[in-house]
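*Asks:* Protein chains in written order, with numbering that gives the first Met the number 0: chain C, 0 to 495; chain L, 0 to 229.
No wet-lab data here; the hints were simulated from the structure. C-beta: ideal position from N, C-alpha, C; glycine also. It cannot be assumed that every hint is accurate.
What the hints assert, rightly or not - List of simulated lysine-lysine pairs, DSS-like, C-alpha gap at most 30 Å: (1) C:Lys113 x C:Lys15; (2) C:Lys352 x L:Lys179; (3) C:Lys394 x L:Lys179; (4) C:Lys352 x C:Lys394; (5) L:Lys179 x L:Lys206.
What the hints assert, rightly or not - Far from chain L, by Cβ distances over 10 Å, these chain C residues were calculated: (6) Gly134; (7) Gly155; (8) His275; (9) Gln341.
To be verified - What follows is a set of in silico ranges between Cβ atoms, one per label pair, in the way DEER data are often shown: (10) C:Arg264 x L:Asn36: 21 to 29 Å; (11) C:Pro301 x L:Leu142: 51 to 59 Å; (12) C:Glu263 x L:Asp39: 31 to 39 Å; (13) L:Pro59 x C:Arg264: 15 to 23 Å; (14) C:Pro487 x L:Ala26: 46 to 54 Å; (15) C:Gly137 x L:Glu183: 52 to 60 Å; (16) C:Pro368 x L:Ala26: 45 to 53 Å; (17) C:Arg337 x L:Glu183: 41 to 49 Å; (18) C:Glu493 x L:Ala153: 50 to 58 Å; (19) C:Arg337 x L:Val198: 16 to 24 Å; (20) C:Glu263 x L:Ala165: 40 to 48 Å; (21) L:Ala165 x C:Pro487: 44 to 52 Å; (22) C:Pro299 x L:Arg116: 35 to 43 Å.
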Amino acid sequence: MSVSDSATERFTPRQKMALSVLACTATALAAAPLSGLLDLANIVMLFLLTVLLVAVSLGRNPAVAAAVVSVLLFDVFFVPPRFSLAVSNLQYLITFAVMLATALIVGHLAASLKEQLRAAERREQRTRALYEIAGKLGGALNLVQVGEIVQQFVAGELAAECYLGIDEAAAAPPPWFDEALARQARDSRRSVADPAGRDALYLPLLAPMRGRGILAVHFPGARRALAAQNQSLLEALASLAAIAVERLHYVEVAQSSELKMATERLRSSILSALSHDLRTPLTVLVGLADSLFLVRPGLPPPALDIAGSLRDQAARLAGLVTNLLDMARLHAGSVSLRREWQPVEEVIGSSLKLLGSALGRHRIRVDLPPDLPLLRFDAVLIERVLCNLLENAAKYSPDGGEIAIVVRPAGSMVEIAVCDRGPGLGDVAGQQLFEMFVRGQPESDQPGTGLGLAICHAIVEAHAGAMRVDDRPDGGACVIFALPQGVPPVLESELP
Amino acid sequence: MSAPLPTVLLIEDEPQIRRFVRIALEAEGCAVLEAGNIGDGLAAAGREAPDLVILDLGLPDGNGIDFIRALRGWSGLPILILSARAAEDDKIDALDAGADDYLTKPFGVGELRARLRALLRRHERPATPASPLLEFGDIAIDLAQRQVSRAGQAVHLTPIEYRLLAMLASHPGQVLTQRKLLCEIWGPTYVESSHYLRVYVGHLRQKLEADPTQPCHLLTETGVGYRFQP
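Kindly generate the complete structure, drawing on both the sequences and the hints.
*Replies:* Pasting the structure below:
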């Protein structure tokens with residue numbers, strides 16, 4: 000019961016009894032001088048009125064007492080022979096019985112009405128309090144505020160203390176808090192009262208998505224009985240708090256994902272600006288070096304030779320920048336794959352075509368089994384993988400050596416191997432090779448940064464594929480990447 | 000080259016790129032007009048009636064695609080695009096908007112001159128071939144009879160294969176985007192079903208190319224579309 004209820008109960012039960020007896024006595028005294036004038040039936044009415052008033056003002060038990068005392072007083076002071084319990088006319092026994100019954104019923108009804116009224120008032124007050132706290136919780140900006148609002152409510156409405164243990168931000172619990180009971184409440188998803196008599200109630204914070212913590216309410220001292228009486232109020236409070244906590248959680252999630260998106264946008268715009276700024280001078284460099292060949296009158300051959308080297312180096316630098324930017328993009332996660340179903344031989348063909356003269360000194364062998372399924376991949380990126388691998392193979396193979404591209408289905412994957420006749424990879428083989436800036440032969444006189452394989456690896460991984468290296472038993476190395484087969488789309492066959 | 004010099008309009012905001020492209024164009028015997036942005040470019044295209052436009056996609060006053068759309072409103076003159084490597088979507092959009100070919104930065108002068116020559120040659124020729132017979136390598140396509148032969152032997156093509164080949168072969172040297180090919184041959188509902196196109200190009204290569212894995216005529220422009228090289 001709330002604090003305000005107790006204010007109306009100014010008297011102890013004993014005092015109430017005394018008051019009710021007093022009221023009846025007063026009625027008897029007031030009616031005594033009139034006994035000659037009034038009919039006995041009207042005197043009964045006065046007593047009944049007294050019982051009614053006692054019931055309304057003091058409650059049920061005093062009303063019962065008043066009913067009994069009224070009958071006794073009526074008998075002793077008004078019914079002849081007066082001043083004795085004896086009755087001259089036996090008809091008065093019926094009067095007594097009816098009077099007692101009427102008094103009891105009237106008292107009971109009046110007391111019930113009074114109680115219902117009080118209960119309704121109490122309910123209304125609670126509803127208003129819950130409404131207010133719901134409004135306050137809706138406006139809470141953080142978990143600390145939620146804790147304060149709940150604490151104020153419990154202190155104000157129930158004169159109790161509480162502890163709000165939220166998963167994300169739990170403060171140190173007070174000494175009366177029992178961790179085991181809290182866990183029990185959380186696990187069972189229902190409120191748990193403290194059986195050991197520490198006067199606390201543990202309520203799980205059940206939000207629509209999941210449990211978000213625990214609300215423990217402690218009723219100090221004599222108010223322990225209130226715990227059970229207010230369970231439904233506290234459960235409503237707990238669910239309001241849970242919703243507030245969940246709302247704050249999702250606000251936070253939304254804010255952080257917005258931040259992440261903004262960061263991502265910034266990163267990819269920086270990358271594309273960087274890419275533009277680096278590529279423009281490289282384009283100029285390649286173009287101007289190239290156009291030295293067109294200048295009239297023509298330059299002497301040594302100058303043209305230098306111009307050619309300039310162009311080649313600028314082109315290589317451009318390739319390097321592309322590699323670096325691609326790696327940065329792949330690492331930043333700002334590459335979205337444009338995966339399409341396609342035959343793998345097409346991308347092999349386009350890679351060979353793209354490299355063109357760079358492979359001129361080598362024999363290329365393509366080994367494709369018939370009836371390969373379509374694979375789903377981003378052609379631009381897989382072309383990049385193949386070009387990197389073929390360039391590597393050409394770099395480490397002797398002139399005229401064979402470079403083989405071998406495609407084989409292997410379980411749920413299709414493996415594509417690029418094999419050369421170079422010195423092999425030796426000891427550094429394994430996954431380490433796929434890390435950035437790691438090279439098979441660190442002291443090799445071949446230029447390179449060790450970025451190529453790392454990019455290939457990142458691209459293949461983005462396709463849910465796998466990559467490994469192998470030394471050929473008969474000399475040379477194979478780099479093998481595998482792409483998942485999946486279920487190709489149906490191709491409606493054409494009427495011939 | 001025919002008597003009047005072909006005029007090329009070069010729209011590019013980077014002066015150093017304009018400089019070497021101009022050298023290459025003049026070596027090719029072209030007169031060069033330069034513009035640094037879309038506005039000047041459109042004005043020059045209207046005023047000077049050039050024979051070809053070379054267009055950078057990233058310009059200070061807008062996207063090059065806007066230029067293509069504006070120009071295509073009243074002119075069919077060939078457009079060669081200069082674009083950055085990582086921008087496949089931009090290339091496709093530009094080609095779909097009506098550009099004829101593209102070069103990826105950085106590019107060599109040799110590549111530029113080859114593309115330029117091909118575009119000018121195509122533009123000089125009348126739109127419809129005088130003869131219904133297209134020949135390349137040992138392949139002959141008779142557009143009137145709808146027959147294809149390889150080294151004198153008739154090659155059997157399905158109707159779709161034939162339509163695909165005829166469409167590619169009637170745009171020699173030109174990049175046709177996946178979207179365009181799918182839309183023309185299979186219909187607009189197949190625009191997302193790129194595997195049809197790839198499988199049928201594979202069939203054509205099997206039937207017509209000497210080495211299907213290293214084709215000489217039916218070339219893939221990875222991520223963009225296909226190009227028929229006579």
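*Asks:* Which hints, by number, does the structure contradict?
*Replies:* 3, 8, 9, 17, 18, 21, 22
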